[in-house]
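Enquirer: Take a look at the letters that make up each chain.
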Amino acid sequence: MLWQQLANGIAIGSVYALISLGLTMVYGILRILHIAHAGIYALGAYIGWFSFRLIGDFWLSLFIGMAGAAVAGILIERFLYAPLLHLPRIAPLIVSIGLFIAMEEAFRIVAGPHTLTYNARIGLGDFSMGSFRLTETQILILLVTLIILLFLWAFLTKTRTGLAMRACAQDAETTSSFGVNVGAIIAVNFLIGSAMAGAAGVLIGVYDNQVWPTMGSIPAYKALAIVVLGGLGNIPGTVLASIIVGLAETFVIGVLAIPFPRDAVAFIAMILVLMFKPYGLLGKA
Amino acid sequence: MRRESQVVSGRTPNSFRLATYGSKMISGYLITILITVVIYCILAHSLNIITGHAGQISLGHAAFFGIGAYTSAMLYTEAGFPFWISVPLAAMVAGMVGALLGIPCLRVRDDFLAITTMGINFVIEAVFLYIPFFGGAMGIGGINLPNWLGREMTKPEYFLLILVVFVFLLLLDWKLGRSWVGLAWASIREDEQAAGTMGVDIVRFKVIAFILGSAIAGLAGGFYAHFLTFIMPQNFGFGQSIVILCMVVFGGIGTRWGPIVGAIILGILPEVSRPIMEYRTLVYGVLLLAMMRFQPGGLLGSESILTKGLRRYVLRPLSKKAS
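Sequences listed follow chains C and H, in order.
Numbering follows our numbering, with no gaps: position 255 of the first sequence is 255.
Position in the second sequence (first residue = 1) + 1000 = our numbering.
Just chain C, with the same shape it has in the complex:
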């Protein structure tokens, strides 16, 4: 039972990590709270669902979902955020909120208000050892997250573009004076972050076996709490915070059976941590 809850918690936490990482990377470079990121997550799920209906191959649909989300992310950065960067922080925040509201409505109008079932055949099979059991979709989530995180780590630490990205997160102006094309780095940043969110959307679509217009609204706010919990802009902190929130939710609801809204757990954890560490778990002043 305990192991089972642990596996559930880590699976949920991994999806949170995929969503929150994009958010924290965007914050790291542009210092904006990208609420519409959750809209990209839902968009990824819809594109994944649609292409799965069209093609019938899950892995290809996952890839198409990621690619579609990445394109959307870059477009948002180019046409909405870039012209607003010199303004007070509240302007891009409101743009992001407006965009998120519009995206949710667009999904409802285009694809209908009902949930769409996403029962893809993945071909991994369940795994069981005694009473411990991992479902096929859980294995899928863990596997995909692990691959993406490894890719991200390798990209950030082993390539020159990754180095430039980390430099930009520290000080974009100085980095640009070293001849780095900061605009391109920001685009790459949005590409990777949005692709991860798209992957998270497809994974949740398969895990819950449904895709629905407002699937982004809870992750939108929860991901922000996670990002703050991990220390805004801090990538390892974000992964850690995601897993902690995933586990805390599963344990508070599943094991302790406290009648408390699952979605408030992340915020309570965040407020508690901020009381003692105002810059998040791994954040620095």
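Don't read these hints as lab results, they were simulated from the structure.
None of the values given here were measured: they were computed from a predicted structure.
Here a beta-carbon is modelled for each residue, glycine too, at the ideal position from N, C-alpha and C.
Some hints here could point you the wrong way.
Here chain C is said to cover these stretches of chain H; the calculated rule only asks that three of the stretch's residues, wherever they fall, bring their Cβ under 8 Å from a Cβ of chain C [stated by the list, open to error]:
id	region
1	1112-1121
2	1126-1139
3	1159-1169
4	1272-1281
5	1291-1297
Pulled from the structure, derived: some chain C residues nowhere near chain H, Cβ distances all over 10 Å [unchecked claim]:
id	residue
6	5
7	31
8	71
9	87
10	93
11	148
12	152
13	157
14	253
15	267
16	278
Since the structure of chain C is already known, use the hints to place chain H on it.
Expert: For chain H alone, coordinates are given in the frame of chain C:
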């Protein structure tokens, strides 16, 4: 009082007949919209104190609105306090909670503050929803319009009452804007570090802004509860906070009239756009997005087309004429 007794005794004076005629002219539907819009004006105004004047982004303003509404509702239905006591108490409680939550909030950096206030909103909504004392998902019912002159207020009268309170709040805002407090807020908003160096007690003035903004939101909550006669946790969720924030930003953050214009436009918009019901929220989202993208200062911001136009075609010719 005397006129009231005349009505009861059956002789209907002309003025009273006129009043009833007038209240029929202003239909129930219209008066409902008017009251809602004034309540939104008060809310937008209160958030403008925190976000516009003192420059602290709050994404959880509906929490204080909710605290005010619940306090006044509980005091009215459980403790039997009349409206005239329960609503001021609601404002006080909301202000105190604002101070309590504001102090730890102000330890964190600006972006953290936005998300922390958002978190507070979720937690407060969860408290209302999950603690049976607050009526749970069913909410609290049986709250009535206030009594005066020995009878229950009519809706037009209630509207006038709220309007008078709102005008009073605007006067207060005008006074504060010209005082030391307003100056200190402006300095914090423009450059917090510089203000600190100059000897402005940053934390104190931020907390004052929080208390004042929260208290006024609580007052609006009390009015709202007595107007709706029935409140639910969902009325005070994060979505509501966003609506309030959008009104402030849409009209022009930090300006005196902007939030009011924003509250009126965005408050009436759902009613006007009934024919396009299906696309209403989409329009709302796109409108916000377009507004911020092309007029980031808001409708009445110093750089907006509207303000520039006013200055160019109305104010300048007028001043020329005067000289």
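Enquirer: Does each hint fit the structure? Answer for all of them.
Expert: Hints and how they fare:
1. Here's how the region 1112-1121 of chain H fares: 7 of its residues keep a CB closer than 8 Å to some CB of chain C, so the rule of at least three is met and the hint holds.
2. Restraint check on the region 1126-1139 of chain H versus chain C: 3 residues with Cβ-Cβ distances below 8 Å, three needed, restraint holds.
3. For the region 1159-1169 of chain H, the proposed coverage by chain C is not satisfied: 0 residues have a C-beta within less than 8 Å of a C-beta in that chain, short of the threshold of three.
4. Counting residues of the region 1272-1281 of chain H whose C-beta lies closer than 8 Å to any C-beta of chain C gives 3; at least three are required, and the coverage claim holds.
5. Only residues whose C-beta sits within less than 8 Å of a C-beta in chain C count toward coverage, and the region 1291-1297 of chain H has 4 of them, enough to reach three; the restraint holds.
6. At roughly 22 Å, the least C-beta separation between residue 5(C) and chain H is larger than 10 Å, which holds for a residue marked as non-interface.
7. A cut-off of 10 Å between C-beta atoms contradicts the statement that residue 31(C) is not in contact with chain H; the least separation is 7 Å.
8. With a least beta-carbon separation of about 19 Å from chain H, residue 71(C) lies farther than 10 Å from that chain, consistent with its non-interface assignment.
9. With a least CB separation of 5 Å from chain H, residue 87(C) falls inside the 10 Å interface cut-off, contrary to its annotation.
10. Under the 10 Å C-beta cut-off, the non-interface status given to residue 93(C) relative to chain H is violated; the minimum distance is some 7 Å.
11. Annotated as non-interface, residue 148(C) keeps its C-beta farther than 10 Å from every C-beta of chain H; the closest such distance is 25 Å.
12. Its beta-carbon lying about 23 Å from the closest one in chain H, residue 152(C) satisfies the requirement of being farther than 10 Å from that chain.
13. With a minimum CB-CB distance of about 26 Å to chain H, residue 157(C) clears the 10 Å threshold, and the non-interface call stands.
14. No Cβ of chain H comes within 10 Å of the Cβ of residue 253(C); the nearest lies about 13 Å off, and the non-interface call holds.
15. Interface exclusion of residue 267(C) from chain H breaks down, the closest Cβ pair being 4 Å apart, not more than 10 Å.
16. Some Cβ of chain H comes within 10 Å of the Cβ of residue 278(C); the nearest lies about 5 Å off, and the non-interface call is violated.
Violation of the numbered hints given earlier is confined to hints 3, 7, 9, 10, 15 and 16; the remaining hints are satisfied by the structure.
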